[in-house]
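S.K.: With chain R held as given, fit chain V onto it using these hints.
Which chain is which? The protein sequence lines are R and V, in order. According to the working numbering, the stretch in the first sequence is residues 2 to 114, in order. According to the working numbering, the stretch in the second sequence is residues 2 to 114, in order.
This list has only true hints and no planted wrong ones.
With a straight-line Cα cutoff of 30 angstroms, these simulated DSBU-like cross-link-like pairs (lysine-lysine) come out: (1) V:79 - R:101; (2) R:101 - V:69; (3) V:25 - R:101; (4) V:69 - V:25; (5) R:101 - R:59; (6) R:70 - R:101; (7) V:79 - V:25; (8) R:101 - R:69; (9) R:59 - R:69.
Label-pair restraints from in silico Cβ distances: (10) V:64 - R:62: 41 to 47 angstroms; (11) V:62 - R:9: 25 to 31 angstroms; (12) R:57 - V:62: 36 to 42 angstroms; (13) V:40 - R:97: 27 to 33 angstroms.
Hints in this document: simulated from the structure, not taken from any laboratory. Note that this is a predicted model, so its numbers are computed, not measured. Quick reminder that beta carbons are idealized off the backbone N, C-alpha and C, glycines included.
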Amino acid sequence: AQSVTQLGSHVSVSEGALVLLRCNYSSSVPPYLFWYVQYPNQGLQLLLKYTSAATLVKGINGFEAEFKKSETSFHLTKPSAHMSDAAEYFCAVSDPRTDKLIFGTGTRLQVFP
Amino acid sequence: DAGVIQSPRHEVTEMGQEVTLRCKPISGHDYLFWYRQTMMRGLELLIYFNNNVPIDDSGMPEDRFSAKMPNASFSTLKIQPSEPRDSAVYFCASSERVNTEAFFGQGTRLTVV
Numbered sequence: 002a003q004s005v006t007q008l009g010s011h012v013s014v015s016e017g018a019l020v021l022l023r024c025n026y027s028s029s030v031p032p033y034l035f036w037y038v039q040y041p042n043q044g045l046q047l048l049l050k051y052t053s054a055a056t057l058v059k060g061i062n063g064f065e066a067e068f069k070k071s072e073t074s075f076h077l078t079k080p081s082a083h084m085s086d087a088a089e090y091f092c093a094v095s096d097p098r099t100d101k102l103i104f105g106t107g108t109r110l111q112v113f114p
Numbered sequence: 002d003a004g005v006i007q008s009p010r011h012e013v014t015e016m017g018q019e020v021t022l023r024c025k026p027i028s029g030h031d032y033l034f035w036y037r038q039t040m041m042r043g044l045e046l047l048i049y050f051n052n053n054v055p056i057d058d059s060g061m062p063e064d065r066f067s068a069k070m071p072n073a074s075f076s077t078l079k080i081q082p083s084e085p086r087d088s089a090v091y092f093c094a095s096s097e098r099v100n101t102e103a104f105f106g107q108g109t110r111l112t113v114v
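For reference, chain R alone in the conformation it holds in the complex:
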């Protein structure tokens, strides 16, 4: 069965600093991978997705993620953090065989001025 591990439940960065949120997955078949963002009292919104095309995926709000099969990773990055990036971020994996969409436990990003 597929699973997702997000390292670090909380990440704090200064405004303008690099953002790196880590995600490792487990899947016996090539997975589909997603990053979602959740703002307070809101549902989740898609940031970006990997579905076996280019390994470097660009998303909204300047975020991008790189699929590394050898490391089973799909880390999310942004070169320069903005105050509005403060939110909770979820990595998710979908098994093409079962259609299940499974989420990691989330990483709360804080951005300090």
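M.R.: Using the frame of chain R, we list chain V on its own:
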């Protein structure tokens, strides 16, 4: 389309009462997911449907939980009887296909006292 619509947004009920959460997915979406979000356990997949048929309900915690999708535009998640440990935010999401974006509703915040 107005997006995924969940009702009610907030529900406070007494232990032992029946609770019904409702979801209207986006028209034309084949998949519907029910998730539960808590601080302790993160975002858990409870059950999902494909073309109104339940595919996997292994995440449903107990027999007290049941979900139905009588047609393509409506689904319910019922808890009977409710317990304080059921307090959480319940999200409904729908997607067109397995590797496409899942759109989330605003969630129902359930408090069982």
